[in-house]
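Protein chains in written order, with this note's numbering: chain F, 1 to 345; chain W, 1001 to 1345; chain B, 2001 to 2328; chain X, 3001 to 3328.
Read the hints as simulated data drawn from the structure, not as lab findings. Don't be surprised by glycine CBs; every beta carbon is placed ideally from N, CA and C. All the given hints hold, so there is nothing to weed out.
The calculated label-pair distances, taken between Cβ atoms and stated as ranges, are: (1) B:Glu2003 to F:Lys339: 31 to 37 Å; (2) B:Glu2003 to W:Thr1299: 52 to 58 Å; (3) X:Glu3188 to W:Ser1236: 39 to 45 Å; (4) W:Leu1338 to X:Asp3222: 37 to 43 Å; (5) X:Glu3188 to F:Lys272: 49 to 55 Å; (6) B:Asp2052 to F:Lys292: 52 to 58 Å; (7) W:Lys1067 to B:Asp2052: 47 to 53 Å; (8) W:Phe1115 to X:Arg3124: 39 to 45 Å; (9) B:Thr2051 to F:Asp232: 24 to 30 Å; (10) W:Val1202 to X:Ile3015: 43 to 49 Å; (11) B:Thr2203 to X:Lys3219: 42 to 48 Å; (12) B:Lys2315 to W:Leu1338: 21 to 27 Å; (13) X:Arg3124 to B:Glu2003: 55 to 61 Å; (14) B:Asp2166 to X:Glu3186: 57 to 63 Å.
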Amino acid sequence: MDRKNQEELPSDLTKEQLLAMYRKMQLIRGFEGTAKKYFEAGEIGGFLHLSVGQEAVPVGTCSALRKDDYITSTHRGHGDVLSKGCEVKRMFAELYGRTDGYCKGKGGSMHIADFSQGIIGANGIVSSGIPIAVGAALSIRMRGTDQVAVSFFGDGATAEGSFHEALNLASLWQVPVIFVCQNNLYALSQPWSHSARDGNLVERAQSYHIPAESVDGMDVIAVYRSVEKAVDRARSGDGPTFIEARTYRFMGHYVGDPGAYMPEEEQEEWRKKDAIAKLRRQLKMWGYLTDKVDEQIATDIEAELQDGIEYARSSVIPEPREALNDVYVHFDYLGRPLKEESNHA
Amino acid sequence: MDRKNQEELPSDLTKEQLLAMYRKMQLIRGFEGTAKKYFEAGEIGGFLHLSVGQEAVPVGTCSALRKDDYITSTHRGHGDVLSKGCEVKRMFAELYGRTDGYCKGKGGSMHIADFSQGIIGANGIVSSGIPIAVGAALSIRMRGTDQVAVSFFGDGATAEGSFHEALNLASLWQVPVIFVCQNNLYALSQPWSHSARDGNLVERAQSYHIPAESVDGMDVIAVYRSVEKAVDRARSGDGPTFIEARTYRFMGHYVGDPGAYMPEEEQEEWRKKDAIAKLRRQLKMWGYLTDKVDEQIATDIEAELQDGIEYARSSVIPEPREALNDVYVHFDYLGRPLKEESNHA
Amino acid sequence: MREITYREALKEALIEEMKRDERVFLLGEDIADPFGSAYKVTLGLSSIFGTDRVIQTPISEQGFTGAAVGAALTGMRPVVEFMYIDFTTMAMEQLVNQAAKIRYMSGGQAKVPVVFRTQGGPGRSSAAQHAQSIEALFHHIPGLLVAMPSSAYDAKGLLKTAIRLDDPVIFIEQKLLYNTKGEVPEEEYTIPFGVADVKRNGTDCTVVATSMTVLKALKAADILAEEGISIEVVDPRTLFPLDIETIVESVKKTSRLLITHEAPERGGFAAEVAAQVANLAFDYLDAPIQRVCAPSVPIPFARNMEDYIMIDESKIADRVRKLIRGDI
Amino acid sequence: MREITYREALKEALIEEMKRDERVFLLGEDIADPFGSAYKVTLGLSSIFGTDRVIQTPISEQGFTGAAVGAALTGMRPVVEFMYIDFTTMAMEQLVNQAAKIRYMSGGQAKVPVVFRTQGGPGRSSAAQHAQSIEALFHHIPGLLVAMPSSAYDAKGLLKTAIRLDDPVIFIEQKLLYNTKGEVPEEEYTIPFGVADVKRNGTDCTVVATSMTVLKALKAADILAEEGISIEVVDPRTLFPLDIETIVESVKKTSRLLITHEAPERGGFAAEVAAQVANLAFDYLDAPIQRVCAPSVPIPFARNMEDYIMIDESKIADRVRKLIRGDI
Ligand SMILES: Cc1ncc(C[n+]2csc(CCOP(=O)(O)OP(=O)(O)O)c2C)c(N)n1
Ligand SMILES: Cc1ncc(C[n+]2csc(CCOP(=O)(O)OP(=O)(O)O)c2C)c(N)n1
Ligand SMILES: [Mg+2]
Ligand SMILES: [Mg+2]
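One chain only, chain F, in its complex shape (with noise of 0.2 Å):
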């Protein structure tokens, strides 16, 4: 990764594609940042894991997607899902528990999920979507298309027997799942050290004999040229990879965790890295961006996100009851045949 060449034009990617990258990651930035504010002020619940900081590691992965393309996303995955296709207004709707969530409101921000896009769901529950992911890639084996499985979660979640188990068996497997490791160097308060004794990702992965890198996860062309390299490889039937982003998280574990543990030193020399800043001055080195346009974009994406509130806010609040519905397809809660021929057909 040296510097020469981060600055050369990129010829593998348009200025359109590297144009929409900076707009996903500045509006990924600005969506959390509103999402903090309304929670502050009381309007969202729940517990909101902001990713900012960590913008480039989905917008670099899910540029070298395809719509129907999955992916698994974690407790932090705002960022993911934005990246691989949600609409700000229906997350925001979902943050504010209306109708017009994603999930009706029933899942909050740790839970956003849109099958129609192939966000088979974010999960509060630290790598239990990793094995998930290595699933779909089978599903895809198995029914023989060419999409591939994006499993992001942290560096924390390499510490759980799930990301060892999904590792072999997609090894085993050879399915078309790309491991993407955002490496923030925190699992909540726990530094990457506490997780991990002079942990070596990319060796781990090799272990499996799963090919496996390490990348600038503050780089979002250095994040999708090395996903565009594994998807290519999975679409044609050569595995999984493995891929460690190294990033940072700019703030604390959740809105209202100070970050007591982060050094400020750390925090200032990450914040130098800033991915956003970063392809900023890129484009605009390469007259792919004027001062015009980013103002531009800045102000379309305020708009976009206050648009966004106001959607939410105007979405129909759910009945209660509406809490009883969907625990089954067949049965309604109490076990009652919902359609009598469901049942058994």
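For this one, chain F is given, so just place chains W, B and X with the ligands on it according to the hints.
Just chains W, B and X with the ligands now, kept in the frame of chain F:
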């Protein structure tokens, strides 16, 4: 492990030690043959997983341990617990479900434990003894003794998340635990290649920064030396070690399984490597064993086994009601305090 | 009608459903030939359908359960085998937090059509970690369905239904039932979830029994019949959905209720039945509600101790007699 | 007497027991300072006792649960924290097959003195994977003890006892209770397991409540008192061992029983209480046994939906009124 080395008279092991190893391996094989006989005769119930072929691993390992060291074992644990100090007669009594069995007939073959000798349990659940051993090692460190904890487990167990978590914790905590994987090339009916693709356990363990090596599990001296080194490291506070002992199960998964999935040639090949035959050859070559002594050993063992069976047969059959005891220390199974004072003091 | 074993009935269900719907596939440890699974239910299937549809997994319960969930979410219909119900605890997170809840958390978007087959129960000196009856753990979790067939006929019909349902099903077999035989028609059939089967009509006491204890209850019924006591044996077949109406109707007729299962009494399924009846049929009850369940202890190894805690016909018959004599 | 919070009470218990017995140590995710655990119960403890006794673990529930069992078997007395009860499912194998059964399987040789602290319950829009009440899963498992304190006083006294017991304890706190205050003496005390506390005396109906619902039942009692209805609120404090005598005594006096908890109704702890009373106090009951529990659905995110399924005083009061009117 070149041939020459193997033939050289070991300077680190006395004749007595070597004969003790030989005797123990014979004892284990005899024990299991006898157990099989009475199992097939219907005197012993439950499951019987024989370790015939693998004797060098536990014997080599436990020869490097002290009585106050800990082991955890598996469903295939007869060899492990006999090596650590269990007596034949009380083992048979357990297999017969009698009062004098190590577990008073409540555990059976898969759950033999003798806390007085650091045998903190065989285990019917694949891989679950591994983190338990790490906890024993943590306890050693906290109590400030120089004991070590050894976890025996199979190749199949390495596919479980629990294995991964245990190695990771041991590496982080640098506790005195030794992981001894008895890689007998099968996990029930599945060959090692079904548990891990191109599985290289040394590499896997090293990815946790745990010193690791693979030894010939059909060579008791090699196993002993490897464990001895690991024990030294552990006792001097240098943390965990991983040892893969390559071995083979001469029989099916349990008594009753014909092992149809094990290729004949493979079986043949491994039988030629029989550790007991090998050590006998060596002992004779070194002048440590005469045919007469060898016969004497066989006779003694036969007698010990027969006595053990008699002991088991004549041991008191537990009262059926005894099934209700030993659930809690402080309460009976219905929750009634067993002693007034014990509940909260 | 022809008689086949419970094992054969299950295998037929798998074969028929795999033939009917190519999205159905099997996943589990040691399920392929020549071993063909611990209790031989899947023996022969990999030879028919190939190892692409009878997928052997390493010992990774968490991993393959998650993989089954992922496959189910994306258009496949996995049928997973846990060799022993005791091992489901390894995958409890995926079962409880994922399989059971994804549909709800996604606001009804997702379907999770996966069947988790497993077997439990004592009776073979398998000891504490290979003989549990922990159906209550699944029964308590919103989002899961739980089936426990007691006969070959029910096993086949319920398994076929389980595979066709779009909800996650915990399908619990019993190790001692595999060799039991029963009438199973040649023609295709399915059995709806949530419909109890009155295995025997009676008038003096309702006995709700599950899985293995249905057989014991039927034996008890024979014994009691000779004494002039007539019990009605109700097999709910699915613990959830539960056909409480059939149970309540029966209690209204008999005025007495005994519930029996192999699982430990404390917090078991019988408690739920008792609680529902103590609410819904309170005025019809003439006697205290009885449970004949295993004592709440782990399963001991020795056969005589294991026998002691197992449910048999005499335990059921004794309690019924007492109940009828008013001797409780 | 001084008043302190439930959180402070728990922390005092930990401090006192760690001072009293150096074998006691803490193990869990993010429990050390400065973070001091998700609900701040352990805040400050690593500064007092050092990170050798307040051991932070990576996110490895299976691993550290197994490690705690291993440490307990070899002379230490770990107190484990699961950040959310939902995450215990990750370690269910170690809890159910190991911690609960090793003593039994070893024929009584082993002791497993380990406390698994965790917290559960809805009320903070934490959604389906961070707000469950799955105490029934542990309550059903022979070999485990289960405590659920509802007050600061009980929290401290029960936790101290839990740490001293040689049996594995699942100790379940409630996220909304941490900030509640109650009287706690300065002097040391412990509370025995298996002794219910009658939190309020009454004559018309017995209300058995656990954890958070004890507070709701007490509020309901106030409301009902104004209407001339007197309820007795019994808090078992430990689900197992269960002080069924106190409950039965109460029912004999009031002739009516309602059980309430935050967990889903189907197969919950209330069913066990109902089943026991429907057997032991059948002749004393004047009305059907009632359960006021959460409907058996996952916990929804939106506050209004979450509120809808939560237990509050009016749900309890309404049901008591109906029960007394004979309107069930
Ligand atoms: C199984 C499980 N254990 C613990 C938690 C609590 N928890 C939520 S997020 C988190 C840290 C996760 O760290 P990492 O995987 O690095 O993701 P990040 O938060 O950094 O995005 C923890 C411990 C959880 N949700 N699930
Ligand atoms: C968690 C769990 N899954 C599955 C099993 C069933 N089972 C018992 S032994 C075994 C194979 C174990 O293989 P390995 O670890 O190599 O040990 P070996 O039998 O070869 O000694 C299996 C699958 C089990 N006991 N526990
Ligand atoms: Mg992280
Ligand atoms: Mg093996």
